[in-house]
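J.: Chain residues, written in single-letter form:
Protein chains: 2
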Amino acid sequence: MPNVIFQIEGGNEVNIACQTGDNLLELARRANVAIDAPCSGNGSCGKCRVKLISGEIETFPSRHISEEEYEAGWRLSCNCKVLTDCTVFVPDIASAYQSRMKTADLSSPKEIAIFEDAKANMIGGGIEFKNHFVTTVIEMAEPTLDDTMPDAERFTWAIQSALGVEKVDVPFFVMKKLASTLRENRFTVCVKGEKKGESFLCMDVCAPDDAAIVGCAIDIGTTTVTMVLVDLTSGKILAKGSSGNGQIRYGADVINRIIQQGKPGGKKNLQDAIIKETLNPIIANLCKTAGISANAILRLCVAANTTMNHLFVGVDAEPVRMEPYIPSFFGWEGLKAGDLKLPANPLADVQIAPNIGSYVGGDITAGTLASMIWDKDEMSLFIDLGTNGEIVFGNRDFLMSCACSAGPAFEGGDISCGMRATDGAVEACVIDKETMEPTLTIVGDAGQKPVGICGSGIIDIIAELFRCGIINAKGLFVREGDRVKRDEHGMGRYVLAWENESETGREIAINEVDIDNFIRAKGAIFSAIDILLQSVDMPVEAIDKVYVAGGIGSGINMRNAVRIGMLPDVELEKFCYIGNSSLTGAYAMVMSDQANAKCAEVGANMTYLELSTYPGYMDAFVAACFLPHTDSSLFPSAME
Amino acid sequence: MPNVIFQIEGGNEVNIACQTGDNLLELARRANVAIDAPCSGNGSCGKCRVKLISGEIETFPSRHISEEEYEAGWRLSCNCKVLTDCTVFVPDIASAYQSRMKTADLSSPKEIAIFEDAKANMIGGGIEFKNHFVTTVIEMAEPTLDDTMPDAERFTWAIQSALGVEKVDVPFFVMKKLASTLRENRFTVCVKGEKKGESFLCMDVCAPDDAAIVGCAIDIGTTTVTMVLVDLTSGKILAKGSSGNGQIRYGADVINRIIQQGKPGGKKNLQDAIIKETLNPIIANLCKTAGISANAILRLCVAANTTMNHLFVGVDAEPVRMEPYIPSFFGWEGLKAGDLKLPANPLADVQIAPNIGSYVGGDITAGTLASMIWDKDEMSLFIDLGTNGEIVFGNRDFLMSCACSAGPAFEGGDISCGMRATDGAVEACVIDKETMEPTLTIVGDAGQKPVGICGSGIIDIIAELFRCGIINAKGLFVREGDRVKRDEHGMGRYVLAWENESETGREIAINEVDIDNFIRAKGAIFSAIDILLQSVDMPVEAIDKVYVAGGIGSGINMRNAVRIGMLPDVELEKFCYIGNSSLTGAYAMVMSDQANAKCAEVGANMTYLELSTYPGYMDAFVAACFLPHTDSSLFPSAME
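Sequence lines, in order, name chains R and L.
Read left to right, the first sequence gives residues 655 to 1294 (my numbering).
Read left to right, the second sequence gives residues 655 to 1294 (my numbering).
Some clues are possibly wrong.
[Stated by the list, open to error] The list that follows gives simulated cross-link-like pairs (lysine to aspartate or glutamate, EDC-like), each with its CA atoms no further than 20 Å apart:
hint: 1; chain 1: L; residue 1: Lys995; chain 2: R; residue 2: Asp993
hint: 2; chain 1: R; residue 1: Lys830; chain 2: L; residue 2: Asp885
hint: 3; chain 1: L; residue 1: Lys831; chain 2: R; residue 2: Glu1166
hint: 4; chain 1: L; residue 1: Lys830; chain 2: R; residue 2: Glu987
hint: 5; chain 1: L; residue 1: Lys990; chain 2: R; residue 2: Asp1003
hint: 6; chain 1: L; residue 1: Lys831; chain 2: R; residue 2: Asp926
hint: 7; chain 1: L; residue 1: Lys849; chain 2: L; residue 2: Asp800
hint: 8; chain 1: L; residue 1: Lys821; chain 2: R; residue 2: Asp1003
hint: 9; chain 1: L; residue 1: Lys821; chain 2: R; residue 2: Glu987
[Said to hold, decoys possible] If you want a taste of the chain L side facing chain R, the calculated C-beta under 8 Å gives, among others:
hint: 10; residue: Gly664
hint: 11; residue: Pro804
hint: 12; residue: Val969
hint: 13; residue: Trp986
The hints are simulated quantities; they were obtained by calculation from the structure and are not laboratory data.
C-beta: ideal position from N, C-alpha, C; glycine also.
Using the sequences and the accompanying hints, generate a full structural model.
T.: Structure, rendered in structure tokens:
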């Protein structure tokens, strides 16, 4: 039996025995070694690179590994069979990957302003930001030989009289610590919990100075997870954070993740990857920043797509993928943090924004809630640009939704120099048609050098390359120049920043594979919009408003998005970027019982259109995979 | 650092490092080596014997170890300080101890008849043996592309229409397995749960042929644990079992256990000893016998004293022991099997019969429920003879209760040849005054040889020894004869069976230490009765009925119990032995929602008298530690 040693960059060594012929990527997964593999091992993404130090491995040539790289030992791990004892170097994806995925949402004043606007809109629409959580200090008489009432009754009576309730529930978690907490604090304690009418559910008993009560809003994206910690009394955001979804090593998209969870032990692996590896460290970090204990988190609201919801709770997601595409659940009542061992009060409700169908999930319900389109007379189109693209169309009378698989391009994934819309991201670009020289707008302070390209930047670059005739309608380079380079296979790229101009010392460019990936992403989105409008028999002119949401970045240039055939060609003033509306919706659910109820209502009233079985969708998609489209009459303004 | 190897008889070796001077019993506990130590290490019981094989240990002489035994290496582990590396042989207490503690309750036709009588009495008293648990098979249409309702809704709707309920709760435990169970059984499944009015709590979803629903009644005694598994539909007892309480190695009585749980890690140790080591194996065993899965257990009812209840749930019991003697709880709502990781349906309610005071617990509430004295006009005295003796006096208008520490003598503990009232137990005895020869009644089939003595046997033997003038009022031997032997220290004993007459090949005898232990036990009981009657200012003549409960055995001779001054001197026809009424009460709570509610009511209406602070109790106890009493006028019939 060969033995493989993984040398992890900047970290330890992991040793695992295997069978001759075992796949190296699978082996790394078994050994719990994190290797970035967005395509889940089919050889297409080229991200799972490792370096062979010693030993023999069978492999096949790959366009992702140059000859020099191969000589130096670089291999795609998904493309390796172990033949003998080996030592393999694993580059630290944590740093590269995490920096690519660093906090984007709510990280800039612009993002915060967008969030505050959305909140104000909801309040303006009549949603009260009030909840039923209570924190209060109660005092009891200490027991004596003449007053031998047991702790539980003494405590219950004190709560009844302090809060004016009839029924008090004191669950196991609180009962277990009651005797010692009462005595350590001489029978003056802080009580936290839910007050509903005449009932109080006691969720914690603490020292009197430990009075914080907190909620946690979580947006679980296929690629990125974002979270805010909210003071349940004031609504103030106490801390925020995000990171890549740890499940990414099981595949970049929901289909690959579902396949992986269907393997033996898969459900647990995928659940551990999102809960233990991703959510728990962020929550712990936010609690530290906010200076609170995890038990102070009394409610968690999760906005996630249908598959992410299934993987999060550990329920088999296979039926979501297989015809007739049946989710196990839409909404879910009564789920507790303790059920999932989340680092929060074990009695805290975990509220999952309800799913609508197999591929339109709670992230869209929450986002739709936040957009307020369900409250308006005008016809709105709501577009969430994530790894899955989801579209909602309608108004207060009806809401129609569908989803398409866009891939991670909008969040900077699947793009060689891609990154989230954070410091150093190229978020906008203009190219001089004559000289072909670019002018870049970089996220961050003045003087910030470019690090990579975020979604809005890519839109601009492609639109400009196309406008300047540098690429053709298929996204291939058709004009030569200083900034257009070709590699050994003849693949063209456009250099935005030379090595000495970038923050990292590496060239920042966009190549034909990147452009192709992006065209397919935008094609998926546009064809979905197209079909959704067809299904309700409405023309593009019927659209009164277009809300664009997602991690694509606040710098999105709507004119360019129309020019490349990604968004429908409507008047520019109809477009509105509303940021991470899933997170905004989850925030509203945390703070407001009314928003919570409204979210369930929005979910129940939304109709789901399954695109994968919809006649004509594939044709529409293929037609949309051009700049701007095979039918350019759809984009009159782009053709000007 | 010395290293100690424990060689466990018939088992493995356990190795632990320690400090020079460490106590050997403490070390065994740290190493999780079970050594019987009813006195919890104060050197008084002589049960914690081990044999030194090699190494040096510092020890003190003990009356429990003879010179020959000492030479052979025998030591009391509580009395040993480790000086060097040692190897120590630990006799297998499991077999000796378990056989001593083998199933007694409901093991004989007589016991079962007593149980059935008690059940019939409850039904006669108007208690309906009905509950709200449901098991039913439901059929659903399989999903298609035209019928894409998610599993949770499909399931909920099917239950609503099958059971005619409005609200269906499908908790995490069920949701997690719903998708796969539905598909494995082609959407025809068995559903189990609680139906309350218009609501249904779904507790399990199974294959359609797995329809059993079961309850578990548990009596947790300080010394012995007894359990029955009950079919929730028919009320039939499916399996029964018992064993010693694994906490016994932390002390024989509640006081020692409370002290032990107060040490670092103590709460967990004591909880593990009762749950992991004691209850879980019995439950697993009963499930196997009954051929059901643990998830079929939908309700558990526990009858236990106040301390056992605290240790069971893992709540600090220290305030129970310390003035002003405050239990953490009386009743407890909402405790689930999952909270305690009991091998049952995690959603099953664990219903704890409510405590009344620090030393009158749920075992007495449940026992009182079963006795039906709360439903009668006549004045009843209810006496539960366990390690703690508890007394209840009253009728439908009032109920007064108190407790005393009797020690394990009534259950055969603290008695050199003691055992529970099971096969081979001497349960009755008559001694010829002339020849001093005994005539024994043995539990079991004809020809059964004696194994030991159970509580009822000890009463007879002591009463007969006293009547024949063989022992005096202090329990010391004052007449010599063939059957009266003395050891090297001059301690007298009476031989009931010679070595060749017993089942075990060992002599069966009762010695002065046994008699002294028993006299203190009966003295505690009688003085408690005495004080309880005084507290309500009632004479012995006011007693209309005396119910005797507990593991003392159905053979109890009430006349002899009066003769030795254990029970008050009332007409014999007023006495009634009702078996293990705690278990009967717990059984009633499992099967009957009405009994459940009534038990809470009985608990709430009972007054608790704290004997330890009651003036005059110590004097009454000392006066009762004679045969029959210092004031023989209290026992006119005994004096005839």
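J.: Within 20 Å, alpha carbon to alpha carbon, are L:Lys821 and R:Asp1003?
T.: 19 Å, holds
J.: Classify the hint on L:Gly664 as holds or violated, based on whether any CB of chain R lies nearer than 8 Å to its CB.
T.: This hint is violated: L:Gly664 lies away from chain R, its Cβ roughly 36 Å from the closest one there, beyond 8 Å.
J.: Is the hinted pair L:Lys849 and L:Asp800 satisfied, with a Cα-Cα distance of at most 20 Å?
T.: Violated, at roughly 32 Å.
J.: Holds or violated: is there a CB of chain R closer than 8 Å to the CB of L:Val969?
T.: The hint holds - L:Val969 has a Cβ within 8 Å of chain R, the shortest such distance being about 6 Å.
J.: Check the hint pairing L:Lys830 with R:Glu987 against an upper bound of 20 Å on the C-alpha distance.
T.: 13 Å, holds
J.: Hey, L:Lys995 versus R:Asp993, does the alpha-carbon distance stay inside 20 Å?
T.: 13 Å, holds
J.: Within a Cα-Cα threshold of 20 Å, do L:Lys990 and R:Asp1003 meet the stated pairing?
T.: Answer holds: L:Lys990 to R:Asp1003 is near 17 Å, not above 20 Å.
J.: Tell me if the straight-line CA distance from L:Lys831 to R:Asp926 falls inside 20 Å.
T.: OK: L:Lys831 and R:Asp926 at ~18 Å, within 20 Å.
J.: Closer than 8 Å between Cβ atoms is the bar; does L:Pro804 clear it against chain R? Give me holds or violated.
T.: Because about 4 Å separates L:Pro804 from the closest Cβ in chain R, which is inside the 8 Å limit, the hint holds.
J.: Is R:Lys830 within 20 Å of L:Asp885, Cα to Cα?
T.: 31 Å, violated
J.: Would you check the hint for L:Lys821 and R:Glu987, treating anything up to 20 Å between C-alpha atoms as holding?
T.: 12 Å, holds
J.: Does R:Glu1166 lie within 20 Å of L:Lys831 when you go C-alpha to C-alpha?
T.: Status violated; Cα separation ~46 Å.
The structure shown violates the earlier hints numbered 2, 3, 7 and 10.
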